[in-house]
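*Asks:* Make the full structure from the sequences, and use the hints.
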Amino acid sequence: MSIVTVQLGQCGNQIGQELFNVISNDTHSSCGQCPKTENEAYSVCSQERFFSEGRNGAVSARAVLVDMEPKVISHAISTAAKSGRWKYGDQSSFCQKQGSGNNWANGFCVHGPRHEEDIMDLIRREVEKCDRLGGFFNMMSMAGGTGSGMGTYITQCLRGTYPHSFILNQVTWPYGTGEVIVQNYNSVLTLSHLYQSSDAILVHENDTVHKICAQLMNIKQISFKDVNKVIAHQLGSVLQPAYTEGASEYNRNPLGDLMKSMVCHPEYKLLGLRNIPQMSEASLAYSVFTWPGLLKHLRQMLIANAKMEEGVDWQVRPPADGLPLAEKGTRNRRFNTSLANLLILRGKDVQSADTGGFMDPALYTSWLPPGVASSTWRTPMSFNRYEKSATLVSNSQFLLKPLDGIVGKAWNMFASRAYVHQYTQFGISEEDFLDSFTALEQIIASYTHL
Amino acid sequence: MTQSVVVQVGQCGNQVGSRFWDLALREHASVNKKGIYDEALSSFFRNVDTRRSDEDNNDISGGKIRSLKARAVLIDMEEGVVNEILQGPLRDVFDSKQLITDVSGSGNNWAVGHKVYGSTYRDEIVENLRKAAEHCDCLQCFFVIHSMGGGTGSGLGTSVLNVLEDEFPEVCRIVTSVYPSAEDDVITSPYNSVLAMRELTEHADCVLPIENQSLVDIVNKIKHMSHSGKLGAEIKQSSTIISGQGGIKGQEKPFDAMNNIVANMLLNLTSSARFEGSLNMDLNEITMNLVPFPRLHYLVSSLSPLYTLADVNVPSRRLDQMFSDAFSKDHQLIHADPKHNLYLACALIVRGDVQVSDLRRNIERLKPSLPFVSWNQEGWKTGLCSVPPVGHSHSLLALANNTCVKSTFIELKDRFMKLYKKKAHLHHYLHVDGMEQSCFTEAVSSLSSLIEEYNQLDATKGLLMTDAQRLNIAV
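From first to last, the protein sequence lines are chains A and B. Take the first sequence: its position 19, counting from 1, is numbered 19 in the numbering used here, and each next residue is one higher. Take the second sequence: its position 150, counting from 1, is numbered 150 in the numbering used here, and each next residue is one higher.
Fair warning: there could be bad hints in the mix.
[Claimed, not checked] Subject to a maximum C-alpha distance of 20 angstroms in a straight line, what follows is the list of computed SDA-like cross-link-like pairs (lysine to any residue):
no. : chain 1 : residue 1 : chain 2 : residue 2
1   : A       : LYS220    : B       : ASP358
2   : A       : LYS401    : B       : ARG470
3   : A       : LYS211    : B       : ASP358
4   : A       : LYS401    : A       : PHE437
5   : B       : LYS64     : B       : VAL31
6   : A       : LYS401    : B       : THR382
7   : A       : LYS211    : A       : GLU309
8   : A       : LYS307    : A       : LYS401
9   : A       : LYS71     : B       : ASP358
10  : A       : LYS71     : B       : ASP38
11  : A       : LYS220    : B       : LYS339
12  : B       : LYS367    : B       : ASP320
13  : A       : LYS225    : B       : ASP358
14  : B       : LYS339    : B       : SER324
15  : B       : LYS418    : B       : ASP185
16  : A       : LYS225    : B       : SER386
17  : A       : LYS97     : B       : GLU276
18  : A       : LYS225    : B       : THR382
[Unchecked claim] Have a look at the derived ranges for each label pair, beta carbon to beta carbon:
no. : chain 1 : residue 1 : chain 2 : residue 2 : range
19  : B       : GLU453    : A       : GLU128    : 51 to 61 angstroms
20  : A       : TYR175    : B       : GLU452    : 51 to 61 angstroms
21  : A       : ALA362    : B       : ARG295    : 50 to 60 angstroms
22  : A       : HIS421    : B       : SER369    : 28 to 38 angstroms
In short, the hints are calculated from the structure, not lab data. Note that the structure is predicted; figures quoted are calculated from it, not measured. Backbone N, C-alpha and C define an ideal beta-carbon position, used for all residues, glycine too.
*Replies:* So, in structure tokens, the structure goes:
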């Protein structure tokens, strides 16, 4: 089954291009430790999922590029063509001359409806090339105008046109110290609207990835390209083929399987991602990891709500079993309760990895049995030159604090009605703002009481 | 890429405007070595084949530069200044059809400029603007340059602003207004300025006020540096922001030094829209991020550095010094001290080879000393353009929406009231058709309420604002 990727706005297009790069490189590098049949099955599955073959054998990504101004898209297309291995389709991009001016209302109310027909047409053509459609993967940021505003509108249109398809949104959260003054408004409007049309929202925070680049990968002058490469690596580790439990063939329906494991309740759609190990190319050659070590680290990162593998607080422990209900309310605040967890393990000796630690009922909320809440996918193929790689997709309280921060700042600004006239002039009223705030407070409350 | 049209009105507007075009050509000449008409040039210039006789259809879109024509409309009610431009070295950049002139001038009377000439020339102005807009693929912004103290720039300029709002409501209007100093030689300048202020508050998207006194101070400061001590010998004369060297113009005229500063400010403002960079900042993003309330759209600008030293080696301490300077009161283009007032929002447009990490580092460093309003503690908008200005390796333009502008307005109101109480010179205005006493009272009350809005924001400064109470959800 194939996934159609929709890259929206500057951020979506930049990360999307890196993602296809990672996937293409990974698929073409053969894994020395696996039999040839394994290599072939992996590569065929990945190829079908992300690329289509043209008449002359040219490999094109199953992607649609959308932006309101031309510079980023043309850069992405030319960089892809230079790789020699894959490129973007000739008719797969849509752009205009003038951007959205960091204004969500402009993207959602003006540019979205105005260009809906053309964009949906491009997407439909990409869908028709698929033998079987596995779903949509929309990549965007939350802070700007096009990715956030128009991206939300397009997601809504997709939901209307393809009511039975899975839609996974990858959303990049901006730096806390701000690149755009109205980023909190744009974020609030984006998340509240996406919750209604998207199946799940996979989140990356710029601050976190920046720290990974600085501390783990030792990059001195960090550029957006470095940040995007890390995000692409993490996304690739989720989307590349793997075996679900007990399966003998690579999973044909990754988005469906993901939704089934992770999103059991429509109120809980925010997914966080942790991937270890993460290090600079230079250090890769000298490092050796074991599965027990990796899994223990990942489990503690989950419990202590750590963003990366350094600085994990090992003091935090899950509540002891058998505590009476009344006391559970006062349990350690720093402990991160999960709704569902998905482990994706790639690399040597993966069958020996013991994921029992993640089945501990203490990790999970009381109303979901751990047997259902925790799942594992595996593949013996190594990913992106890491001999062993473990990824955790988690529907838990990971994102509670950052979300609360964003809503708090936006609410403060809204209390003085600053900048609101910029939105009302394009069609988003104060009522709409209040509805969005209410929706997000609801989500925050639900996650707090997990 | 988008295009912008410059509308220069009155003597001051046209003089500043001609410096702008001269310096713009200088800047593009130093960047565009191959003589190809590219997107950057097209944002302010048309490429025209002058051999073709059909002047409406002779635009060439790509390829080599043939003849550049500025996307501008020049308006003046007396011919002296515009004629001088047309006879000077910039004559080829302007088309005779882009001019609107009259003979007798406005007599330093806002009413004559706004009511009389405003209605007489309205159709011609609309026609001219429409033609300029048609030559643009995607028109993003109108830049209006004028002064507040006179008659034409002030009166007719604000009438043009009204026309722009009526005819092109979707296009952003950024106005550069030169405010009169206290020792202005035009006695009625307070009347003209206050009457014009009301129009600016209501019809402009964004205003960049400039005060002559501040420009004079900056010019003096640079001349002092040039002539003093050993540092003086090392300043690269062509790199000062008051210099027009390297441009087409031959001799420097008296106001040229001051006008060059304003021209440089406009060039830096539009640099990110013209040239590429790692973090582009379009003009509509400026209005979006810096204007939290529709009437409070007055932005204080400051440029740094004022000059470069001949010493090529620039350690990062000098880079940090550039950021600090932009916030000092000596570099502001109006007489104000933003550090001791309240910031509503701030934008930094950096040109040249500065990285994101340098930018972030300096913001972190300066933030504690700059008071921001409680609901916008992290109110920074940043833009990085990779092309530096001529003669510099990097430069910074800071635009701040800060309550310090109110001191300029309060002074203006005081000078207005001094004259108005005595009804001095009022008859010159009331004689004009369409002008009534109510125009004055309404204008001054608009100014008063603007000052009051800034006062209210100032009152919140330093108070520990508790976070607004969040919505309560029933669980």
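*Asks:* Give a verdict on every hint.
*Replies:* Status of each hint after checking the structure:
Only pairs whose Cα atoms come within 20 angstroms are accepted, and LYS220/A paired with ASP358/B is accepted, the gap being roughly 12 angstroms. Taken as a hint, the LYS401/A and ARG470/B pair is honoured in the structure, with Cα atoms around 15 angstroms apart against an allowance of 20 angstroms. For the hint pairing LYS211/A with ASP358/B, the CA-to-CA distance comes to about 17 angstroms; that is within 20 angstroms, so the pair holds. Of the supplied pair hints, the one linking LYS401/A and PHE437/A holds, its CA atoms being roughly 16 angstroms apart against a limit of 20 angstroms.
With a C-alpha separation of about 15 angstroms, the suggested pairing of LYS64/B with VAL31/B holds against the 20 angstroms cut-off. For the hint linking LYS401/A to THR382/B, the alpha-carbon distance of about 26 angstroms lies beyond 20 angstroms, and the restraint is violated. A C-alpha spacing of about 11 angstroms is found between LYS211/A and GLU309/A, which places the hinted pair at or below 20 angstroms, so the restraint holds. Only pairs whose Cα atoms come within 20 angstroms are accepted, and LYS307/A paired with LYS401/A is accepted, the gap being roughly 12 angstroms.
Taken as a hint, the LYS71/A and ASP358/B pair is broken in the structure, with Cα atoms around 24 angstroms apart against an allowance of 20 angstroms. Distance hint between LYS71/A and ASP38/B is fulfilled; the C-alpha atoms sit about 14 angstroms from each other, no more than 20 angstroms. Pair hint LYS220/A plus LYS339/B does not hold up; C-alpha atoms about 32 angstroms apart against a cutoff of 20 angstroms. Restraint check: the Cα-Cα separation between LYS367/B and ASP320/B comes to about 13 angstroms, which is no more than 20 angstroms; the hinted pair holds.
Taking the CA atoms of LYS225/A and ASP358/B, the gap is near 17 angstroms; set against the 20 angstroms cutoff, the hint holds. Between LYS339/B and SER324/B the CA atoms are separated by roughly 11 angstroms; this keeps the pair inside 20 angstroms, and the hint holds. Restraint check for LYS418/B and ASP185/B: satisfied, since their Cα atoms lie roughly 16 angstroms apart, inside the 20 angstroms limit. Between the alpha carbons of LYS225/A and SER386/B the distance comes to roughly 16 angstroms, so the proposed pair stays at or under 20 angstroms and holds.
The hinted pair formed by LYS97/A and GLU276/B meets the criterion: a straight-line CA distance of about 15 angstroms does not exceed 20 angstroms. Under the criterion of a C-alpha separation no larger than 20 angstroms, the hint pairing LYS225/A with THR382/B is consistent with the structure, at around 18 angstroms. Checking the proposed 51 to 61 angstroms range against GLU453/B and GLU128/A shows it holds: the Cβ atoms sit about 56 angstroms from each other. Separated by about 36 angstroms at the C-beta atoms, TYR175/A and GLU452/B break the suggested range of 51 to 61 angstroms.
Between ALA362/A and ARG295/B the beta carbon distance is about 57 angstroms. The supplied range of 50 to 60 angstroms therefore holds. Hint check: HIS421/A to SER369/B, Cβ distance near 30 angstroms, so the stated range 28 to 38 angstroms holds.
The structure does not agree with the numbered hints 6, 9, 11, 20 stated previously, though it agrees with the rest.
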